[in-house]
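Student: Sequences are here, hints too, so could you generate the full structure?
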Amino acid sequence: MRFRLRTLLIVLALLPPLLAIGQDKSDPGAAVIGEWEVVEMVYNATVQDFGGESGGWFIFEKASFFRVFDVRGLNDVRRGKMGRGVPYIIRPKEIDFLPRPQTNEVGVEEAIWEIRDGKLRVAWREGIGPRPTDFDDAYKDRRVTLFVLKKVK
Numbered sequence: 590m591r592f593r594l595r596t597l598l599i600v601l602a603l604l605p606p607l608l609a610i611g612q613d614k615s616d617p618g619a620a621v622i623g624e625w626e627v628v629e630m631v632y633n634a635t636v637q638d639f640g641g642e643s644g645g646w647f648i649f650e651k652a653s654f655f656r657v658f659d660v661r662g663l664n665d666v667r668r669g670k671m672g673r674g675v676p677y678i679i680r681p682k683e684i685d686f687l688p689r690p691q692t693n694e695v696g697v698e699e700a701i702w703e704i705r706d707g708k709l710r711v712a713w714r715e716g717i718g719p720r721p722t723d724f725d726d727a728y729k730d731r732r733v734t735l736f737v738l739k740k741v742k
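Per the numbering used here, the sequence shown starts with residue 590, numbered consecutively.
Treat each hint with caution, since some may be false.
[Unchecked claim] Dumping the calculated DSS-like pairs for lysine-lysine here, alpha-carbon to alpha-carbon at most 30 Å:
id, residue 1, residue 2
1, Lys651, Lys682
2, Lys708, Lys682
3, Lys651, Lys742
4, Lys740, Lys651
5, Lys670, Lys708
6, Lys739, Lys682
Calculated directly from the structure, the hints in this document are not laboratory data.
Tutor: Given below as structure tokens:
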């Protein structure tokens, strides 16, 4: 019995990263793979003004996510110098950002996403909390952040 329980716990611990790695191009989330520039952001229930500059970038790889704030960080990701990104699992309309292996991060950050008019919209609740139900939550709830991104690569 003890051996079976230990095996079950190991399988449950390994399942989310394996699911993320096992996603293929027929996956509805395949459209997010690539580099996206932040063009709009609602943070703390306030539309952010980037003063004509970039608001940063999201890079979605097959099973890793990176968020960078400047061109230097973007170039580091492109050269593979950023190490492992944040593992994620993507489903239609939902993304779960998982804790990175070998870090003190805990919990799953739950987000919603959609691609509309060629732009990716992603919204998540800052800190651990329930998944936002609507992108407009960002205008009403100070803990929900909305990103609007355009595809760069």
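Student: None of the hints should be skipped; say for each whether it holds.
Tutor: Hints, verified against the model:
no., hint, verdict
1, Lys651 x Lys682, "holds (17 Å)"
2, Lys708 x Lys682, "holds (14 Å)"
3, Lys651 x Lys742, "holds (14 Å)"
4, Lys740 x Lys651, "holds (16 Å)"
5, Lys670 x Lys708, "holds (27 Å)"
6, Lys739 x Lys682, "holds (17 Å)"
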